[in-house]
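**Q** Both chains come to you apart, so use the hints to assemble them.
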Amino acid sequence: MTPSLDAYVLLSAALFAVGFLGVLVRRNTLVIYMCLELMLVAATLALVAFSRFNATEDGDVFVFFILTVAAAEVAVGLAIIVALFRARQTVQVDRLDSLRH
Amino acid sequence: MTPVTTAVCVLLAPLASAALITLFLCRRPAVAAALSVAAAAFVALAGLSLALGGARFNPAWEWLRFGSFAFMIGFKFDDLAALMLSVVGVIGLCVHVYSLGYMRDDAAKARYFGGLSVFMFSMVGIVLADNLFMMFIFWELVGFSSYFLINHWRERLSASDAAKKAFIVNRVGDFGFLLGIILCYWSNGTVSLSALGPDHAGSHAVYSRLIPLLLFCGAVGKSAQLPLQVWLPDAMEGPTPVSALIHAATMVAAGIYMLCRINVLMVPQAQVVIAWVGTLTALYAALCAITQRDIKKVLAYSTVSQLGYMVAAFGLGSVGAAMFHLTTHAFFKALLFLGAGSVILGCHHEQDIFRMGGLRARMPVTFWTFTVAVAAIAGLPGLAGFFSKDAILVLAFGANRAVFAVLAFTAILTAFYMLRLWKIVFLGAPRGEPAGHAREQGIAITAPLVLLAALSAVGGYWRAYPKAFEGVLSQIPEAHGPTHAIVLAASILVLVVGAGTALAFYSTGGSDSLETRSSAVFGFLAALRSSFDRGYDYYVAKVQQRAAMILSFIDVVGLAGVVVRGLAAATESVGFGFRRLHTGRLSNYVYWFLGGVVILWAYAAGIL
Chain A
1 MTPSLDAYVL LSAALFAVGF LGVLVRRNTL VIYMCLELML VAATLALVAF
51 SRFNATEDGD VFVFFILTVA AAEVAVGLAI IVALFRARQT VQVDRLDSLR
101 H
Chain B
1001 MTPVTTAVCV LLAPLASAAL ITLFLCRRPA VAAALSVAAA AFVALAGLSL
1051 ALGGARFNPA WEWLRFGSFA FMIGFKFDDL AALMLSVVGV IGLCVHVYSL
1101 GYMRDDAAKA RYFGGLSVFM FSMVGIVLAD NLFMMFIFWE LVGFSSYFLI
1151 NHWRERLSAS DAAKKAFIVN RVGDFGFLLG IILCYWSNGT VSLSALGPDH
1201 AGSHAVYSRL IPLLLFCGAV GKSAQLPLQV WLPDAMEGPT PVSALIHAAT
1251 MVAAGIYMLC RINVLMVPQA QVVIAWVGTL TALYAALCAI TQRDIKKVLA
1301 YSTVSQLGYM VAAFGLGSVG AAMFHLTTHA FFKALLFLGA GSVILGCHHE
1351 QDIFRMGGLR ARMPVTFWTF TVAVAAIAGL PGLAGFFSKD AILVLAFGAN
1401 RAVFAVLAFT AILTAFYMLR LWKIVFLGAP RGEPAGHARE QGIAITAPLV
1451 LLAALSAVGG YWRAYPKAFE GVLSQIPEAH GPTHAIVLAA SILVLVVGAG
1501 TALAFYSTGG SDSLETRSSA VFGFLAALRS SFDRGYDYYV AKVQQRAAMI
1551 LSFIDVVGLA GVVVRGLAAA TESVGFGFRR LHTGRLSNYV YWFLGGVVIL
1601 WAYAAGIL
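Chains as they are written, first to last, in this note's numbering: chain A, 1 to 101; chain B, 1001 to 1608.
Simulated from the structure, these hints should not be mistaken for lab results.
Treat the numbers as computed from the prediction; the structure is a model and nothing was measured.
No false leads were slipped in.
Using C-beta positions, here's what the derived DEER-type ranges look like:
hint, chain 1, residue 1, chain 2, residue 2, range
1, A, E37, B, N1588, 18 to 28 angstroms
2, A, D60, B, G1596, 25 to 35 angstroms
3, A, A70, B, N1588, 17 to 27 angstroms
4, A, V18, B, F1578, 28 to 38 angstroms
5, A, V18, B, A1570, 40 to 50 angstroms
6, B, I1607, A, V18, 21 to 31 angstroms
7, A, L78, B, L1567, 41 to 51 angstroms
For each residue, glycine too, the CB sits at the ideal point set by N, CA and C.
Just chain B, same shape as in the assembly (with noise of 0.2 angstroms):
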């Protein structure tokens, strides 16, 4: 097979899947499972062929015509779409052998593995794209496959009400998205990735900066940013496999691939804003991941703090530092959303971190993968997160020294709230039943952590992965001479700092030790978090539902009312006036013949 039909196939293999389990197979959730397991390591080796085999090309096909103007469907496989998918290809694997284990007892199985087809679908679609439009489509039907996954659970109020918000908060950046591809199709003449050029970057003053900041505005909600990161915490209502793939590693790591994509379209002015961004993002997500409970929704905020990062590290100008980050974070960050998929089996679908305890000896092969992740992101020397966080704060120190510092702060604060995750959860004695008999949950489940486990481990050696992934790893900034020891200082002193203070400050009681020892911090840090969401409340309950209510009344009595009826009232009062005509007498009648003639006559002799 050619590349070009290989990544054809790769496109509509999960496609294919989704829809047999659709149409035939929701009877049989094991053969359904079994085939969505089957497409996904399809994409999965597939993609790694072509990433690894050296096949780079940009086939495109024109799909409709709209007299000068052509939609086309094409793909661009570059190194950035290689490494792209290679990442999708492996974690989507792990994540479907790890929902066999998982979802074992699910009543609704089979759907739920016909979301995961139709999202790697839309997933592939997205990475593959060639075009802006194209982009879109699948973007949206990425934030569709998150909508049904998310609702999994469908019995479940809450479920529900988490997946309507991530949908509509996604859609309020993504009308940003959609009116900045009408901008630069409008403003340059085309969307296509591989037509736009440096040169339309700086064609016109307003339109240049106003392009890549719309544009921006579809990652700020696919990636969750500031300030449309409500979604993702209320998103863990799905099942933890679809966390981990979707909310962790790929889907809103699309946001970022978006970015590096139209990396030609930045500014510096635009770039400034996006660095801040991410830099707040991640401040921010830092400091609410501190006070929570639920050991899904610290791994959710810790996810928006990380793509914050991400979000930081392009702005300040390096998509190598930036798809490195995403790289080493999608394989230690799903590693540890399914470590606690393990982890809540284990103790009977329990999530309170406060009721678990001392499964380090009841869960051995569990608890080793989640430490070698929380020391890859609370950025241990050697592991993958040291080597991709380092690389961003080389980059922030050279570029930027305020956004340096937060991000700095910031890791200390992503190393106390992992470390105080993992002590919380691993160590000291079993503070409840079903951490009391807690044990490992099978081979389907301990295989994906020992594989991803390993790649977190290795994953941040860049210069040993294959050429294939050149054109994006070469440009990962490296470090020399006395920046590069004040940063490795800097990022050890983090560590120590971050994880010392959380093992010391931490007890491995029944509470929060910050709740009991200092109220008003955690008062504090509470009231933050839940301060996006008040302000979403209060917008939505008075602002937009009196909006809606003045529409309404507009509607009814004017529209309605003076407009539509009143017209009616005016044509049949005119029937009315017709009706007094017919008095069913011969003789009106004659007369009005009269007249008619009267004016046929004047008519034809000129005068009228």
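Chain A extracted, bound-state conformation (with noise of 0.2 angstroms):
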């Protein structure tokens, strides 16, 4: 049986709660920022999702533009954690906490 529409944006608002969550919680940059991607990918699947329900093709587009832009975030962000690891010997965001007061 094809899944609804609802169950669609469902799953999507489900990944990007737990991706977010991942955002708040998690203590590893590197985990952080999968949990990044896990948020992009949600909002990529509910835009495709509804493209599907409404018959078009706009927002089967959008996953070019997005992939396109997590790659490239990708490969910014990676190289500054990086060049942090270099510079700290750590990737645990509680202790890189040097702009505290």
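**A** Next up, the structure:
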């Protein structure tokens, strides 16, 4: 049986919530990064579901843009994380608090 | 040149002289002196030609404009201004020429002549002023010139103190003056002397009495009336020509002149106050003069006393009598001061009269001219002072018998202390080394003395004055019939009693006969003299100082401490609070982000 639109949107929301919760709670920078990607993908899923159920291609086009942006962002972000590790020897977010007063 | 242009040049020539001296001639005293004397000569000659030539004009130029209020600069050249300008010009020229001799060896001669030029500019400004604001500006300038010139020998602490005292006491009077001007503008809509008319005087019950009294405060300060007379005796710290010009003949007379200018605003209630202030000042100053040892201080108190006469004459209702006495007083008082300066120079800067004596034989020109002046002020019939004082006594006899009695008694005292001065300085034997070697000081000194003696002698025949001054002199009161006889008898009696007593009582020994024979009276008079100064001292040292300490406490603890630093501390604590938000942890920041998203969502959904 074909899942209804509600199911797709619910799945997308759940994925987004999991990703957001991960950003909030996890301490490893790389895991936080993965959760960010998860949020992006969740949004993409919602867009594709809408475009399928409205029988247009507008949402499908978004996939290209979003994934391109995600790839570029990953490239830059991982470079920053590597540089950060070289400077601080850690990627645990609770130890990167030198901006504290 | 048109009369208006001439008047502008008369006003600006001394200013130009002062500017040139200040900018270029500080190291060239001889040139500075010559320039200043030339400017004074121009003021005198051009002023006399304007006055006697009959030109009367009233131009005005707009200087500043604030919306509907326009600040005008203008000249009001009527008979009153003509008379005053002539007096200022002639006396000014005499003093300038005299200063060439008196200040010949002074170290700061250029600065002195610059100061004299600034004074001439300011005084001519007062004389020509057409509205009260302009007069106030020049009034303050004259006060500044006085401060500058009293303080000429500025190494002396006493001179600096005297200059400060003069300026501060004048300021107190000027405060009342300024309030009066502002009230006049607010109540009448104008301060122009030409526009103010008799209907402005009675227009409002309270203001019409308050305005003349407040304006009179300016005269109380400038003309050294009670209670602001304390600065004039101290002002004798300045050079003697300065005392002659500023503190005898012209600046202190500016108060009288201003009163005559605002005569239209006078109401009987204010005039009574003015008359009594003048009368009491005359009496008080005459009592103070009797015990003085310093020749200039005697003349200073004499000036205060005679100014009291002028103020009383004005208060009794006669501009003519006041201005007439102002004119004759300018002549003989300037002569007295210049003669005193000649004596001081002759005795090598000695000012104590009990170290002089015997100068009649050694300094004849000074002696004879000084004698003419003493006779004039004492009221010898035929000389200038007799006629002007007689006019005031006639006026008082008709208007207010009590004032007449006090003024007549003061006239006795006047003759008394002047003859005391004359006898001790000039008669007898020399009482000290310098007096024994005194001699005349040269033509620059003696020529003005002779000129002023001539004016003191003939200056009383006001009917012989040029027609140009008719507007003022026609108002001099004249007596007829029994009043005339009574007042004439009183004047002669006053002269005989005062002069005779002084000549008989005082001996030409080395000490004050009053002090030796009746120390109680002498002590009383000395205490009377210092009472005002002691009162002001007490007020400043105790009352004012303590009030200042309280205010200082409120300022340091209250304003600076509680308000300013308190506000700073409050702001700082808010800052501390915000600093705690910076934990440096990413997860905290993301939580705040989440909170922001929730708020924005609620706002967009219409809940907030």
